[in-house]
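Enquirer: Below are the chains, spelled out letter by letter.
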Amino acid sequence: MGTTILLGNTIHLNNTTGTPVAGGAASGATTTPFVLQSDTWSPRAATRRPIWAGGAPFRDGADLLLETFDNVAETVPIVVQGSSRDDAVAQLQTLKELLQQGGYSYPLSLAILPHSTTNTGYAEIYTGDVEEDPRVLGSERTSSLIRATITWIRSPFFGVSSLTTLINAATFTNNGTGANKDTQSLGALTGDLIYTGMPLNIKVLGVVGSTISTLYAASVDTQVYASVNQAKTTTTSTTYTTQTVTLGSAVKRGLRGRVLGRLTTFTNLSKAQFKVDVIDINGSTSIYTSAWLAAANATASLIDFGDFDLSFFRRPLPTSIQAQIVITIRSSDGTSVTATLDYVEVLLYYDFCVVNSGFDVPSTIKYLYLEGATNNGVSPSGWLPSSPPVAYMARTSDNQTFDPRLIRGRLPRAFSGASLYLAWIDQSGLHDKTTTATITAQLAPLYRTLRGST
Amino acid sequence: MLAPLGITPALFAPGTGGVPGTTADPLLGGRVRNRIVRYEQAIAATKGFESMVMGLSATEGEAKDWLDCLMYSTVVYGPDAETIWEGALIRVDATFGQEPQSKALDPMANRVRCRYTTRLGTPGTTALVNDTASQAIYGVKDTVLSLPGSTATAALNHATAELARRKNPMAPSTSEVRTGDLGDITVTLYFVGWYDLLRWLLTSNTSTSSTATTTQVQNLITSYNSTNNFFSTDFSNVTASGISDVETIAPDTPVLSKIEALLKQGNSGGQRLAWGIYEGRKLTVKPWAGATPTTTTYQRYLREGVIRDAAGGVVSPWRIRPDAMYQIVDLLDVAAVSTAADESARKYVERVVCSISSGSVGVSLEPQASDALDARLARLR
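Protein chains in written order, with the numbering used here: chain A, 1 to 454; chain B, 455 to 835.
Hints should not be assumed to be uniformly reliable.
Listed next, the in silico DSS-like pairs over lysine-lysine satisfying Cα-Cα at most 30 Å (straight line) [claimed, not checked]:
(1) K181/A / K232/A
(2) K232/A / K203/A
(3) K203/A / K271/A
(4) K271/A / K232/A
(5) K366/A / K203/A
(6) K433/A / K96/A
(7) K232/A / K740/B
(8) K736/B / K718/B
(9) K718/B / K232/A
(10) K252/A / K271/A
(11) K271/A / K518/B
(12) K433/A / K271/A
(13) K518/B / K275/A
(14) K736/B / K252/A
(15) K518/B / K252/A
So the derived list for chain B, only partly shown, Cβ under 7 Å to chain A, looks like this [stated by the list, open to error]:
(16) P533
(17) S690
(18) V692
(19) E797
Partner residues aside, some chain B positions facing chain A, computed with beta carbon under 8 Å [as the list claims (entries may be wrong)]:
(20) I461
(21) A464
(22) T476
(23) L481
(24) A535
(25) P705
(26) P708
(27) G813
Hints in this document: simulated from the structure, not taken from any laboratory. The C-beta atom is built at its ideal place from N, Cα and C for all residues, glycine as well.
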């Protein structure tokens with residue numbers, strides 16, 4: 001049997017018996033009048049579009065800064081065997097009409113199942129056309145077999161028809177440590193882009209007794225938790241005890257660093273400001289200093305101190321790489337301020353975003369959905385990257401969506417070995433580390449060309 | 455990170471009086487992110503967020519919608535959720551094939567007065583003529599007219615007529631009809647930083663009291679907010695200058711002009727100041743980085759196409775800020791003058807322009823005396 005190539009769930013472009021059926025039904029893999037011309041086509045890999053930095057005459061080579069993938073333009077030679085010449089032309093007309101559908105009604109899917117493989121890959125065709133071979137008016141002018149060439153432009157990747165569940169209704173606690181903490185592994189991934197990043201759809205089923213007003217979400221390689229539990233009072237500025245954190249044996253190139261701190265039990269909240277210094281292990285050089293930041297809630301606040309480059313830490317060391325984290329509290333006007341630094345988290349992350357969700361109780365009737373992939377509601381078709389990723393609320397009863405939300409930053413994608421980090425604060429800015437949320441994270445594996453057994 | 459850039463412009467509809475909204479429109483933001491083909495932002499050491507231009511592809515309907523979005527505010531977030539730029543939409547250019555359509559706030563004025571002199575040379579001023587409908591949408595934008603050798607009535611007529619002409623946004627683009635390719639549908643959005651809007655209001659002050667310059671600046675912004683509530687009154691990022699000046703302001707002086715007149719006097723240490731409106735529409739005033747020119751903010755190796763911070767960390771082009779010392783590491787500056795901001799291998803960064811387009815991400819770091827045309831124009835504004 002040959003490769004199954006199904007366009008728009010309507011037309012099989014390649015009769016899997018290898019022989020087109022004259023005047024046959026195009027909707028059947030073995031009855032279709034279409035067949036690929038022999039050995040003329042297989043899916044092309046999307047062209048990479050890199051952005052390089054540096055180069056001659058100052059150095060050898062150049063550094064890869066960014067890379068994206070172009071849409072794929074392909075030419076597919078086919079044959080259609082009509083029951084008559086009119087029938088062959090009519091079959092091609094149907095194909096021509098279908099190829100225009102993507103911009104008219106709903107996305108046009110291209111499903112490919114290679115011979116002797118298990119799984120179908122789905123791309124999306126944005127535009128396409130069909131042109132008959134010149135022989136149709138020449139040497140084959142009497143034949144009911146017409147050769148033609150399809151040209152289409154499709155999505156860079158192939159997706160799958162069903163998302164892969166990586167985290168299934170797991171409990172996440174709004175706490176950097178303990179059981180069901182805020183960082184949990186995504187597990188093993190499938191797809192061709194496990195080192196480039198593949199989209200995740202994350203469903204957050206709410207928090208009983210609290211709200212999620214702002215959600216922090218990240219795909220992380222390493223989460224470091226440091227318990228401090230130290231109170232400081234000052235009218236000027238003072239630092240909490242320096243935390244030495246271990247960043248791992250090697251810091252991957254795709255990662256950035258980020259520091260978040262949980263502060264509690266404030267006096268004169270509005271006058272208190274905080275900053276972080278990420279310092280080398282010798283305590284001599286600051287690698288990163290944040291701006292002075294305010295806290296939002298006098299009971300407990302989570303402060304995102306921002307992100308920093310990790311180049312300095314990418315060194316071939318015989319032992320694990322360490323850094324020092326120093327958090328400073330100051331008074332903005334000389335008023336005495338107090339706050340307890342509960343804990344510090346350092347994230348080495350791939351993607352990080354902030355979503356202002358406005359999500360509220362009762363959690364049983366709505367959830368927050370972070371959507372990195374979509375199939376545009378067409379089935380069967382591929383789950384492909386949603387551009388741009390979206391966040392919205394949905395009713396648990398019927399999945400009706402409402403209340404779209406802004407995503408600041410980059411929605412977490414799945415990377416090999418990565419974990420999902422989630423933390424949240426409520427509408428008063430309270431970071432309640434006892435609250436939990438039920439999380440489901442699903443992967444949309446992406447393939448560059450053919451898909452095999454996974 | 456090897457991935458699409460993920461620049462996210464959050465867009466906020468203006469509230470009454472042009473006050474920036476607080477709830478971002480996620481659908482509009484998503485549309486921008488999906489359509490953006492060109493992005494350029496400028497930040498200056500004596501303005502803060504200066505200007506930003508976004509080029510978008512669009513359908514006919516979307517392009518038309520954008521023409522009604524003047525005074526929308528934006529906060530642009532980088533891929534790590536960091537704020538990289540803030541400002542307000544003051545001009546929209548849309549091209550529908552050959553046909554350009556545009557709307558701009560620059561020529562608009564919705565509060566007008568006319569200064570005149572009589573035939574005998576006696577000066578006078580009309581009352582303010584207002585268009586409250588326009589003010590409710592965009593905020594108050596002043597202009598003052600001049601009419602020599604006339605009368606109070608004529609001056610008032612002049613102010614009234616000019617208000618009628620300029621009370622709404624105006625179209626600066628010229629239509630042309632010609633043969634040949636009609637072209638595409640495109641949209642270009644022009645934003646200015648909030649600092650630029652300080653020129654919208656005119657002010658005066660007869661006080662001859664001497665007050666600290668930075669205190670006067672804070673007072674001017676607080677006063678500005680009582681008419682156009684555009685700015686944060688959190689002045690925690692203002693470093694006191696330690697010097698004073700008289701409060702006197704000549705009639706019909708833009709608020710911006712007085713602020714610049716005060717801040718360019720520097721500080722009690724005899725150093726120049728850097729200032730601007732940055733994140734959260736907050737004023738920042740501080741001694742310029744050129745006061746300590748050997749303290750490197752950014753460094754660059756000639757062999758690289760990236761900028762690094764003092765610790766060697768790579769800084770994304772959209773995160774580079776002005777008022778910084780920039781050092782070329784490879785050039786050994788053996789005889790550098792320790793107090794010179796600009797030396798053979800280093801310079802003071804006065805203005806930063808980050809440009810992103812298909813196939814290119816770059817940043818230009820302009821010195822104090824940049825001869826680039828847009829830098830010179832920016833200095834004139």
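Enquirer: Going through the numbered hints above, which ones does this structure break? Give me the numbers in ascending order.
Expert: Of the numbered hints, 2, 3, 6, 9, 10, 11, 13, 14, 15, 18, 19, 20, 22, 25, 26 do not hold.
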